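Peer 1: With the hints as extra help, turn the sequences into a complete structure.
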Amino acid sequence: MQPPTGPALASAPESPPGAAPGSPLLRWQWREVQAPCLVAGWILVASLAKIVFQLSRKVTSVVPESCLLILLGLGLGGIVLAIAKRAEYQLEPSMFFLFLLPPIVLDSGYFMPSRLFFDNLGAILTYAVIGTLWNSFATGAALWGLKQAGLMDTGVDAGLMDFLLFGSLISAVDPVAVLAVFEEVHINETLFIIVFGESLLNDAVTVVLYKVFNSFVEMGPAHVQATDYLKGVASFFVVSLGGAAVGLLFAFLLALITRFTKRVRIIEPLFVFLLAYMAYLAAEMVSLSSILAVTFCGICCKKYVEANISRKSRTTVKYTMKTLASSSETVIFMFLGISAVDTSKWAWDTALVLGTLLFILLFRAVGVVLQTWVLNRFRLTPLDRIDQVVMSYGGLRGAVAFALVILLDGDKVRAKDYFVATTIVVVFFTVLVQGLTIKPLVKWLKVKRSDHHKPTLNEELHEHAFDHILAAVEDVVGHHGYRYWRDRWEQFDKRYLSQLLMRKSAYRLKDEIWDVYCKLNIRDAISFVDQGGHVLSASRLTLPSMPSRTSMSESSVTNLLRESGSGACLDLQVIDTVRSRRDKEDAVMHHVLCGSLYKPRRRYKASYSRHFISPSTQERQDKEIFQQNMKRRLETFKSTKHNVCSAKSKARLKKDGRKKQKKSAANAELPNGKPPRSVTWQQTAAVLVAVDSDDEESDSSETEKEEDEGIVFIARATDAILQGKKASGSLDVCPSPRIIPPSPTSAERELPWKGDRGDLAVYISSETTKIVPVDMQAAWKQSISSLESVASPPGAEPGPHAKTVAGPALEERQMMPEPRTCFQFPNPLLRSSRPQSAGSPERTEQPELQPLMAPDEQGRMSTAAGPGNSRWLIQFNRPARFSDG
Amino acid sequence: MGSRASSLLRDEEIEEIKKETGFSHSQITRLYSRFTSLDKGENGTLSREDFQRIPELAINPLGDRIINAFFPEGEDQVNFRGFMRTLAHFRPIEDNEKSKDQNGPEPLNSRSNKLHFAFRLYDLDKDDKISRDELLQVLRMMVGVNISDEQLGSIADRTIQEADQDGDSAISFTEFVKVLEKVDVEQKMSIRFLH
Chain C
238 MQPPTGPALA
248 SAPESPPGAA
258 PGSPLLRWQW
268 REVQAPCLVA
278 GWILVASLAK
288 IVFQLSRKVT
298 SVVPESCLLI
308 LLGLGLGGIV
318 LAIAKRAEYQ
328 LEPSMFFLFL
338 LPPIVLDSGY
348 FMPSRLFFDN
358 LGAILTYAVI
368 GTLWNSFATG
378 AALWGLKQAG
388 LMDTGVDAGL
398 MDFLLFGSLI
408 SAVDPVAVLA
418 VFEEVHINET
428 LFIIVFGESL
438 LNDAVTVVLY
448 KVFNSFVEMG
458 PAHVQATDYL
468 KGVASFFVVS
478 LGGAAVGLLF
488 AFLLALITRF
498 TKRVRIIEPL
508 FVFLLAYMAY
518 LAAEMVSLSS
528 ILAVTFCGIC
538 CKKYVEANIS
548 RKSRTTVKYT
558 MKTLASSSET
568 VIFMFLGISA
578 VDTSKWAWDT
588 ALVLGTLLFI
598 LLFRAVGVVL
608 QTWVLNRFRL
618 TPLDRIDQVV
628 MSYGGLRGAV
638 AFALVILLDG
648 DKVRAKDYFV
658 ATTIVVVFFT
668 VLVQGLTIKP
678 LVKWLKVKRS
688 DHHKPTLNEE
698 LHEHAFDHIL
708 AAVEDVVGHH
718 GYRYWRDRWE
728 QFDKRYLSQL
738 LMRKSAYRLK
748 DEIWDVYCKL
758 NIRDAISFVD
768 QGGHVLSASR
778 LTLPSMPSRT
788 SMSESSVTNL
798 LRESGSGACL
808 DLQVIDTVRS
818 RRDKEDAVMH
828 HVLCGSLYKP
838 RRRYKASYSR
848 HFISPSTQER
858 QDKEIFQQNM
868 KRRLETFKST
878 KHNVCSAKSK
888 ARLKKDGRKK
898 QKKSAANAEL
908 PNGKPPRSVT
918 WQQTAAVLVA
928 VDSDDEESDS
938 SETEKEEDEG
948 IVFIARATDA
958 ILQGKKASGS
968 LDVCPSPRII
978 PPSPTSAERE
988 LPWKGDRGDL
998 AVYISSETTK
1008 IVPVDMQAAW
1018 KQSISSLESV
1028 ASPPGAEPGP
1038 HAKTVAGPAL
1048 EERQMMPEPR
1058 TCFQFPNPLL
1068 RSSRPQSAGS
1078 PERTEQPELQ
1088 PLMAPDEQGR
1098 MSTAAGPGNS
1108 RWLIQFNRPA
1118 RFSDG
Chain L
2 MGSRASSLLR
12 DEEIEEIKKE
22 TGFSHSQITR
32 LYSRFTSLDK
42 GENGTLSRED
52 FQRIPELAIN
62 PLGDRIINAF
72 FPEGEDQVNF
82 RGFMRTLAHF
92 RPIEDNEKSK
102 DQNGPEPLNS
112 RSNKLHFAFR
122 LYDLDKDDKI
132 SRDELLQVLR
142 MMVGVNISDE
152 QLGSIADRTI
162 QEADQDGDSA
172 ISFTEFVKVL
182 EKVDVEQKMS
192 IRFLH
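These protein sequences, in sequence, are chains C and L. Remember, our numbering sits 237 above the position in the first sequence when you count from 1. Remember, our numbering sits 1 above the position in the second sequence when you count from 1.
Worth double-checking, as some hints may not be accurate.
In silico EDC-like cross-links for lysine to aspartate or glutamate, where the CA-CA straight-line distance does not exceed 20 Å [as the list claims (entries may be wrong)]: (1) C/K683 to L/E187; (2) L/K179 to C/E700; (3) C/K680 to L/D185; (4) C/K683 to L/D185; (5) C/K685 to C/E700; (6) L/K189 to C/E697; (7) L/K183 to C/E700; (8) C/K685 to L/E95; (9) C/K685 to L/E182; (10) C/K685 to L/D185; (11) C/K685 to L/E187; (12) L/K130 to L/E182.
Some chain C residues close to chain L (C-beta under 8 Å, calculated; not the full set) [claimed, not checked]: (13) E696; (14) L698; (15) H701; (16) Q865; (17) N866; (18) R869.
Treat the hints as calculated values from the structure; they're not laboratory data. It should be emphasised that the depicted structure is a prediction, and the values quoted were computed from it without experimental measurement. Glycine included, each C-beta is placed from N, C-alpha and C at the ideal position.
Peer 2: Okay, here's the thing in structure tokens:
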């Protein structure tokens, strides 16, 4: 038997030398390698075909890949038939169910846009259960009626049960086909998730109906008793719930296992695949719904697994899953084509074929319309007529139906050949005709497409605001529906599940995990810049806010969405392509936002999203927000009373830095004998919030964190907010602002170290170009470059130079009408130059202070560049980071 | 409770509210009972404290802004009419409303009214522009503590740059609408009111 593939043949290995005495040097051992060789060969052919298809964008934009693959399969099947004189390489049901289907289902479960899925779970379940039941019975009964009416050939020897059996297998919408076709159509997410979710979840119904009717047929209709019907109904619940339970069980195991893989990182991804596969096989073994098992396993394990495994493992899992699913799909479609050539299985009956085609289209449409009518009474956004058309038309049948019909026992089901032929025609019709026409149809009907535009910052922010608004309005209105159960679940998850299933570090860090994620992404971006040979320059520092971002490839958008985990990315097959630098920036920005935006307490209708919201984040964030709000209220209250604006103290230094500063502070005659404290003073009167330096020393990591937050406060937000922020970060115990009477000594205000860090960061950010006064640009650039050289290990110390330039400029700046919009100045500037209003004693100190500043600066930079540095320095630190690794 | 509440509400008042907001009779009575249960002062109006007493609002980052949105300019009491008028923004747009919106005043739950509601949350000084400062304030409320000011500032800048068309470094309502034109505002700014 010659495999039609050259590569497969060529890869036949040589025989081991000296295998048999006297034998030739080389021995032909085709038989031993035949099976794996054929498998590899076919996958290779299919993959090569994919490449060829993609060569012509024109063709692939019109014809879905699945169609092309089926046609290719037809062609190859014809060749095989011509060469071997008999049909070879059929799509074997066992191969299909055991090897080809699981990767696709796992992929769709694992990467399921969960929020969307659970938002629409009601609709999906309705269509999957009731819709499929309706389709099966209606189709089966109608075909039987057709037969009774004498329209069918007498050769079709089938009774009601046979037709119902056939109806059950032909009426299930096929996940593989739906995925393949709809992915290229890009209809809106809701529509997609409904059709796709239905195709996944209807497996339970299909399996049950198929098995029940199959057993009925085998028993013979005469022997079927009432209890059998009851058993059939019961088995539906057993199969579906059991399948889901198996999935959950394995998801639990998987999560538990990945908790302990810290020292065997390299095989982490393997566990994901193995356990998911085991879930599939286990469900199959006890004849539960295996598709449901894998789907739920994928959906449920994700949260814990992703928290446990390393980042590289996550990437590996993602890519491997995509690769497997994609190749499975390719092979399935190709083999569908090949299998169709086998005429020995065919028995054609026009009435049966046409009748089936007509009925499945008709009944699906009827079913969809009826169910939608009911569902729309409960939906916030009703599915309109156009949606219903697409849903009816999108009911594609595929390989599942084909495999099921092949599995039929020809002795018991005497009309099997007819059924096979009809199934093949139906599958081909739905995949080829409907698959081809759905795109123009969608265009013609002007169905809302999925917005394949980049998710702009505005949208992201405002939509987030919308969510908060809705949550608030629901609270005002007083609707409490899903919350009770969701809260219950979240409590349970937090108290038991997460603790049990997440490794301690992941559980503890869960709040910061996004934070870390952001940092990693930033580093990625940095290394990307590095690869691109970009020299760090002042202009590059404006990284995240470049104006006019033009070329934005779509793929990266989907990629962003997927990586964010929360977004809905429907294009389940796509993984990232090379990104441009711009995209990278977008990604960074996206992640920063994604990780740090407060999640709305309750998103509308997300009844089940509890699986995916990390509850402790929620709680912490609730606390934060609460304190902020209270703070703000208090503040507004106070400020109306005292007319006082508060300022911030930010004595957040790392140890080294602080020590150095203490030194300089000593030189500068510490005022009030207090520990050095930096004061950013805003507006007129200042209120000092003191932070004990002892506190900081005791917990350096906390200090670091606060340092981040400190910057936060300097934002141009109102003082009240700043105050609130501060308190939420560091003064958890005492939510009321500590207000020290608004009379800081002038010395305190103007001491050199006081207008520092946070401002630095602000300064570097995008506003640079806009806000730095023209006359300061030069000084600014110089100070930047000085910082760069400081940050990169043994740099020269150009500080004084920068300072001398900066000094006068600063004084000018101080006169400017709107000091507030421009915030404070970078260290070197502020340090060297005093505001005009500075008291004369300080001025005289300046000379002796100056020499100290350079080492101080350096010390600070290097500490900041250390491993646990805080974010505000991130952009300065690039060179140092590279060198640090 | 519901029956008692409705008895306190005069029929003509219900009719007027119905006309103005599009809520159904039962929705109005239901919301009225909610209104009275929020009204601890039992004087027929809600004060800010009444709203702030709702526990969930305290943990809503935009809670205060949204509470403020319920109050007419310069007042610190809101009566049932005003309460309903605000809530009407979030009524889903029904099919039969899509066609007839040409005549008469624009319904409160129209897309642009929904958007305007959101816009007003940002626009504190009511100059029909979201300035950088205003945006930053809202951002600061919505973003967790572990994001730096630097990032926040650049986010705000980028957001404005993205939306800004006339180069005034602020987002006008027109620009706001434009930038959200691809968003399904009708859906994302609607909740289901029980019948």
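Peer 1: Can you give the numbers of the hints that this structure goes against, from lowest to highest?
Peer 2: Structure breaks no hint.
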